[in-house]
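K.L.:
Chain residues, written in single-letter form:
2 protein chains.
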Amino acid sequence: MKNLHNSISAFGGSHEFANKRSKALINKYAISIFLLATALGYSAGRPVLSPRAQTGRVDPLPSWNDGATKRGIIDFVTRVTREGGPDFVPVADRIATLDNDGTLWVEKPAPVEAYFVFARVHELAARDPSLKDRQPFKAALEGDMAYFREAGKKAFLDLFTATETGMDQERFAAEARQFIEKWRNPKLDRLFTEIVYQPMIELLAYLRRNSFQTWICSGGTIDFVRVFAPQIYGIPIDQIIGSELKLESRTEGGRLVVWRLPEIETINDKGGKPVGIDRHIGKRPIFVAGNVLSGGDIAMMEYSKGRKGPSFQLLINHDDAAREFAYAEKDNASLNAAKKYGFTVANIKSDWKTVFGPGQASSIK
Amino acid sequence: MKNLHNSISAFGGSHEFANKRSKALINKYAISIFLLATALGYSAGRPVLSPRAQTGRVDPLPSWNDGATKRGIIDFVTRVTREGGPDFVPVADRIATLDNDGTLWVEKPAPVEAYFVFARVHELAARDPSLKDRQPFKAALEGDMAYFREAGKKAFLDLFTATETGMDQERFAAEARQFIEKWRNPKLDRLFTEIVYQPMIELLAYLRRNSFQTWICSGGTIDFVRVFAPQIYGIPIDQIIGSELKLESRTEGGRLVVWRLPEIETINDKGGKPVGIDRHIGKRPIFVAGNVLSGGDIAMMEYSKGRKGPSFQLLINHDDAAREFAYAEKDNASLNAAKKYGFTVANIKSDWKTVFGPGQASSIK
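Those sequence lines, one after another, are chains B and A. If you count the first sequence from 1, position 302 lands on 302 in our numbering, and the numbers rise without skipping. If you count the second sequence from 1, position 256 lands on 1256 in our numbering, and the numbers rise without skipping.
Treat the hints with care, since some could be wrong.
Pairs of lysine-lysine, DSSO-like flavour, derived with a Cα cap of 27 angstroms [as the list claims (entries may be wrong)]:
no.: 1; chain 1: B; residue 1: Lys283; chain 2: A; residue 2: Lys1246
no.: 2; chain 1: A; residue 1: Lys1153; chain 2: A; residue 2: Lys1187
no.: 3; chain 1: A; residue 1: Lys1182; chain 2: B; residue 2: Lys283
no.: 4; chain 1: B; residue 1: Lys330; chain 2: B; residue 2: Lys308
no.: 5; chain 1: A; residue 1: Lys1283; chain 2: A; residue 2: Lys1340
no.: 6; chain 1: B; residue 1: Lys246; chain 2: A; residue 2: Lys1270
no.: 7; chain 1: A; residue 1: Lys1153; chain 2: A; residue 2: Lys1132
no.: 8; chain 1: B; residue 1: Lys283; chain 2: A; residue 2: Lys1187
no.: 9; chain 1: B; residue 1: Lys246; chain 2: A; residue 2: Lys1153
no.: 10; chain 1: A; residue 1: Lys1153; chain 2: A; residue 2: Lys1305
no.: 11; chain 1: A; residue 1: Lys1308; chain 2: B; residue 2: Lys246
no.: 12; chain 1: B; residue 1: Lys246; chain 2: A; residue 2: Lys1187
no.: 13; chain 1: B; residue 1: Lys339; chain 2: B; residue 2: Lys349
no.: 14; chain 1: A; residue 1: Lys1187; chain 2: A; residue 2: Lys1108
no.: 15; chain 1: A; residue 1: Lys1246; chain 2: B; residue 2: Lys153
So the derived label-pair ranges between C-beta atoms look like this [unchecked claim]:
no.: 16; chain 1: A; residue 1: Ala1068; chain 2: B; residue 2: Thr78; range: 53 to 59 angstroms
no.: 17; chain 1: A; residue 1: Thr1251; chain 2: B; residue 2: Arg79; range: 36 to 42 angstroms
no.: 18; chain 1: A; residue 1: Leu1261; chain 2: B; residue 2: Lys340; range: 26 to 32 angstroms
no.: 19; chain 1: A; residue 1: Arg1082; chain 2: B; residue 2: Glu181; range: 29 to 35 angstroms
no.: 20; chain 1: A; residue 1: Gly1084; chain 2: B; residue 2: Pro358; range: 35 to 41 angstroms
no.: 21; chain 1: A; residue 1: Thr1251; chain 2: B; residue 2: Glu248; range: 31 to 37 angstroms
No lab work stands behind these hints: they were computed from the structure. Predicted model, so just to flag it, every value in this text is computed and none were measured. All C-beta atoms in this analysis are idealised placements derived from N, C-alpha and C, irrespective of residue type, glycine included.
Use the sequences and the hints to build the structure in full.
P.N.:
Okay, structure coming up:
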């Protein structure tokens, strides 16, 4: 690991060369990234205009088609905010938690953080050519899927920890910001931050106008999401929940920093989501949103459903290959759970009038 | 563990008997609680009147004596909130983190959570008499200090996990609330929630009026602090950082709950504090407060000091045996660090006009 750490420490400045090369490779070997994504336990999004205050007379969700889903959302928000009504929920309990990948922004062909890991491997290899001969870097650089299929989850996790750890939090944020400002979704050919779902941006703004706290509860790592969520969703970094690395306080150059250790502490997916919510918020959310991919949001929805009093669970179903991506679960677990527990399903094809908004210029460019 | 778990599950309702007996024992064996506290890595506080908005003309810190400390605090807050000034800090970065035990409320003769653990042992033993013959419960019930001295930290941790885990988060909160509403500090003979420091309550209110977020960063467990902090400090439960247990999602009686496993995941003390702050807030605090006891707040102060731009570190020194408790560190680490890094020391004897406020009725009674 010594070389790699040196390599990480040494890296900085221009990464244009690696950038161009890895972009080509990523397009070619998207499947290996997908596998990596699976190993990391991920679940899909686009950058956004700051939500503006709207009056009650304006349609709060103009990118949603009229129908049961949109009416269900508006009816719920109206009920829980009606003072004196039977379903009134005090402001302090108006907690919404929303998944990120596949719920707020696009997660196909692969989750954005997987592209970040891949980009970092190429950056590291540009600094330390010996990585080209060492697994799992070699396989990643060559797009050798067979290697990853055989080596299993651990190889992907090794790639993850090698690229995202061994530096302090401030350095990591700078690296992630560089990535997010330059790299594009290979299929949609836009900055990742420019392909967030307009209907969900409207929903976030609508919830906040009604005094909801809108938290992100992502399978991605908390520190990665923090880099873009404030700018594209208007969500402060202390309202982000995600997977977490082991961290430690360390003095570097006479200054106390928080250091990223090469070990994953929590995976914020499936049963990990209620735990993450409890840890950061301490209350069951009354509104949750997630999506169909891997069953990753079912536990969060059950947790919300289990609160005493009204709650609403929104499950986004990616069924629109023409406008975005269409994908389902082999075991249909999320849609089955929606039927069993009464979650509301939003089918992109029929429920979303528009998928991506008109003004796609990123505010973090 | 089976019996203990059954015992925990079976416990509920009246605990008056155990309450009276253990109160006597606690007074008698305060030292064993102190040891327990040490094992848990703790660092002192009184319940509070909700801070009221005050105008700029009113002294914002009336319980503080005029002097360098008070002037330093007011000067700092004035500088960082002066728009257009050289030290102006935007609202989003006005993060304050404050230790709890010894900083906001009293931590002597022992930290409040140690009393809670002790009280729980007596409750459990009332339901399951077999505990009287099993260590470390036997020693705890009998106040057998020798046992704990010999068995070391592990025995205390066993007591902690046995009393605070094996239940879901909602059940734990109910147990902790029962305790906090009934038990009293044996030396001061008041509810714990009635012996918080009035000068610090004024400081919290002053910071908030100046658009600071006021977070607790405690060595105590996050879930215990959540039970009283909103009512006595006006701090919402999602702005509390503390030591954390391992948790898992679990279905109990058909309902998804977050279950407390008998394992400590993070100790939010010393180097753990910057990690906890990074995890929950994601920014270096510009204002921190801690106290002299065990050096537990030095790292948090260094972390704050390390931010680019202005910051303020307040170290409370308990030197007033007449009005509260006087205690120091053997190695003088906190006061030495204050000198080295330029933290501001508040000596209770000279800096605090009053220690406890006039209206000590708890709002959570």
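K.L.:
Mind listing which of the numbered hints don't hold for this structure, in increasing order?
P.N.:
4, 8, 10, 12, 17
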